[in-house]
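K.L.:
Throw the hints in and build the complete structure from the sequences for me.
Protein chains: 2
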Amino acid sequence: MSETARRRGFFWGSFEIYGGVSGFLDLGPLGVGLKNLIAEAWRESFLKPHGFIEMSTPIITPHRLLEASGHVESFKDPMTECTQCKRRFRADQLVKEQTGTETEGLSLEQLGNLQKNVKCPECGETLSAPQYFLTMFKTSIGPYGEDPAYGRPEAAQGIFVNFRRIFEVMRERFPIGIAQVGTVLRNEISPRQGPIRLREFTIMDFELFFNPEEPDSPFISEVQDEKLAIVTEKTRKEGKEKLTEIRAGEALRRKIIKTPWAAYFMSLSKRFLSELGIDEANQRFFEKLPGERAHYSAQTFDHEVKLDRWGWVEVAGFAYRTDYDLRRHMEATGTDMRVFKAYEKPVERTITTVTPRHDKIRQVFGKDAGKIVALLASKELSKFLETQENGFVEVGGHKIPVDCFETKEQKVKESGARFIPHVVEPSFGVERLIYATLEYNLRMKEDRLILSLPFKLAPIQVSVFPLVNRDGLQEKAAQVYHSLLANGFRADYDEAGSIGRRYARADEAGVPLGITIDYETLKDDTITLRDRDTWNQIRAPVGQLKPAIERIARQGFPAKHPIGSTL
Amino acid sequence: MSETARRRGFFWGSFEIYGGVSGFLDLGPLGVGLKNLIAEAWRESFLKPHGFIEMSTPIITPHRLLEASGHVESFKDPMTECTQCKRRFRADQLVKEQTGTETEGLSLEQLGNLQKNVKCPECGETLSAPQYFLTMFKTSIGPYGEDPAYGRPEAAQGIFVNFRRIFEVMRERFPIGIAQVGTVLRNEISPRQGPIRLREFTIMDFELFFNPEEPDSPFISEVQDEKLAIVTEKTRKEGKEKLTEIRAGEALRRKIIKTPWAAYFMSLSKRFLSELGIDEANQRFFEKLPGERAHYSAQTFDHEVKLDRWGWVEVAGFAYRTDYDLRRHMEATGTDMRVFKAYEKPVERTITTVTPRHDKIRQVFGKDAGKIVALLASKELSKFLETQENGFVEVGGHKIPVDCFETKEQKVKESGARFIPHVVEPSFGVERLIYATLEYNLRMKEDRLILSLPFKLAPIQVSVFPLVNRDGLQEKAAQVYHSLLANGFRADYDEAGSIGRRYARADEAGVPLGITIDYETLKDDTITLRDRDTWNQIRAPVGQLKPAIERIARQGFPAKHPIGSTL
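If you read the protein sequences in the order shown, they are chains A and B. Under the working numbering, the first residue of the first sequence carries the number 1146, and numbering increases by one thereafter. Under the working numbering, the first residue of the second sequence carries the number 1146, and numbering increases by one thereafter.
Do not take every clue at face value.
The list treats identical chains as interchangeable, and a pair is accepted whether it falls inside one copy or across any two copies.
Claimed, not checked - With a Cα cut of at most 25 Å, we get these calculated DSS-like pairs of lysine-lysine:
id : residue 1 : residue 2
1  : Lys1241   : Lys1231
2  : Lys1528   : Lys1505
3  : Lys1601   : Lys1691
4  : Lys1400   : Lys1385
Treat the hints as calculated values from the structure; they're not laboratory data. Quick caveat, the model's predicted, so the values are computed rather than measured.
P.N.:
The structure is reproduced here in structure tokens:
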């Protein structure tokens, strides 16, 4: 697969002429095209029909933000070093490979114990006790070298810190969905899975904010009956890893999926992957155990795809992030991240207000009274009074009698309440989607490789071939090529090599249609349309190309036309 | 401008709730939309009609690559530190601000001399002698901390190191144009120009490779007569900074522009900016003096736009990079970056070959002969022989008589030659294009702000408004909204606030068309179409919306229709 991807210009490892650096990928012309088309298909599935939107924030992110979000504390992997050759490895992966034990979520101590029988895979010597390694790329902003920052490991944080502003721009409607498609950086210790484990990749993070008192999704009815194949936390805890096949609605009722939005997005995700050509039987949702989940998540399902070389691989994650992130940024910055929700009608409540009695304070404290009043000004007095012992509260070393305070009960009308929204996050890794899409669309026909990308996802939709490079066929072909471009098709022009070789090349590049300009074309202005998947051919007039191609894109190539038949 | 941009959700400074960090920008929903549409318009102008392509490479780039490209040596700015408050500044900018002297390209010593009368802008104290500061973000790859890397300061290098592979994928045709749209990072010392001077931004780098023996562009005839306003190196050297108005063809003939490809792209660029709404009178090409140019460039023009707040600002650069980059990577890695060009017919040449005479060497050097032969193996012998003195050449301390070598003359037929391609690079800063596009499309009508984006560039093309939120108008409006989305329009739905307020909001957001659903709609299935720029209104049947909008997008809103007239 990777060999075809490289030959046809989809992707290959970066910095090859400099010896290569693992964990980095280059995308060639077809790779960029496929990437953009996958992202666009994702927008059409997740964003556009719902009126959800996108934003964009920087990759370089200050330390203090990622400290508040918990990443500085939690975004780390256990690392071990060979005592002999000094190479470093991910301790959990080595232990899993060499002992077969599942290691996700284990503590350093547990790993250290399991690691006793594990040897350096390079030189066979013993390994050091595992330690944590922060897997964010570190740098610093500006000329002082003392303003630490990281490459963001997820695009989500840029959305959380902007939640209030976007919410206002979007006219304060709920539910609100905010996405970001962009680069993330993860300084993996020793990535050894080619295009699957990358240090730099494109993420499609999507944060859906909802009122935890009203967790329903208005779209849930559209997916009630969508069948999901889930490996649940429950069966995993029982050591069974059993596949549960269940409809989305039923999974919600049985609380296998905790939130309606997660059930909705998981269903959309299954449909989206099917659209990319990945059949149902090779998709599953794998629920993470509490110790395996990211620090912010209350429930996580990985959407996994079975790949020939790598087995089950996560291409998307669905995390119920609760109010974790907004709350952390609220605590760190004092910015009010809450949203006001009006009650249907105002509610009457009794509230207690406490005020200091200045006359009493003067009596008790004399010339210190001013200081006492100042000290009290920063206190929330009703809570402060609860700290009383034996009729006194203490502030700055002064004991104040509780009768220095006046307590009043008041009835107030409240028109609504404030809440911190909860978040469900679908998050996709684009390079893995590219990889899976290629693998599931690549097939053999006779002895040739064909990349059967759907018309919608084909980076090149039509290739134009002059049969030979003389007698005006090139000029005519160039004309047809430019008219296809002008009509909005993704077209290519190829005059290099025999016509058979050009067909083969186009098949491997996933081009659904070929157009051949031959001597007939000069006589009657008709061309040959060739189908990538069946190699069937029909003739069509140049003037009818646009509607003919549009019809084929909708309905497929006309079946069983003998070669040379006219459309 | 920035205030409108912020309010309507185009862009604002990043990390605001954490106090902000200068040099970073967030894009809101409309900002992301406009960015993608500007990039798409650029592709349609520079890439698609020519069959040029895009690729994508990592942001994180190993030290050894950027050392070879000359960036580690040259990508730096002069920095000075206040002796009192220890703040750091760009020395050249401070000197220019406080003395009015042009400082681009000055040496540290020249700057130091000019800096004697310059004071710290924060505390008024004296400044330290300027030193260079490397303006790339530094990090390291992997767990050792000893594999230094940088955030790439340009996307071009990823293209150069991949030139051979892409050239093969693209079937070895010339000219070949390879672009990359992506994030670049520049650790500016003290950016103080808001959205204009960013530490992280999106670049559209485009490398056009050509045979230096055949520098012509096949497209040049399309732009012969395009008028360019150039401030030439010549007038600048004469201290005049005079604007030369000249047609592209004439500028080439008079060698004001050195390469046809640069003249072609500069002309396209002028048209492209005009399409964004930036009128000719506020565009110019500013040629850089030798000392001001980047280390790789033999000629550079900045395409500048006049901005209200910032004066003339570079939005694009056109650099003639010659074979500098390919040659450097070839020298650093030994990868042959040359391209083979067949002659029309083979050429006969006489070549001289030199071989060591092993028998002679054994006679002279005895048991050392093997060592001598090994030492000679790495030499290009015909050149080596030229180093002879008095009949001897020296290698590894050994003097070897020249008669130890045999020189033969041979006639060979050569079918072609190899050359390193030359490169012309147009490079655009996307955030600056967004800024300029907003400024040039923002206007006042009566007391209201209108963003007159062309239909093609409007992130939202149509807003749908129910007149009131009752009696089924919302449901009907939602129906119309969804049918617009399904027809591929970029649509929005807005029911918040009075209809006047919603119109005003849409005008400021650059939405060309408004559709109002009122009580008439329920009776006769017609709606009101409202024009953003004239506020004219016409009625149209819901069933005719698609063709009506398409016609308006092509031809503009029908003039002078009285409010309420039917299409």
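K.L.:
All the hints need checking, so say for each whether the structure fits it.
P.N.:
We went through each hint and held it up to the structure:
1. Lys1241 x Lys1231: within (20 Å within a copy, 52 Å between copies)
2. Lys1528 x Lys1505: Within. Shortest intra-copy distance 20 Å satisfies the 25 Å Cα cut-off; inter-copy 103 Å does not.
3. Lys1601 x Lys1691: Both ways: Lys1601 and Lys1691 sit 15 Å apart in one copy and 22 Å across, limit 25 Å.
4. Lys1400 x Lys1385: within (19 Å within a copy, 77 Å between copies)
In summary, the structure agrees with every hint in the numbered list given earlier.
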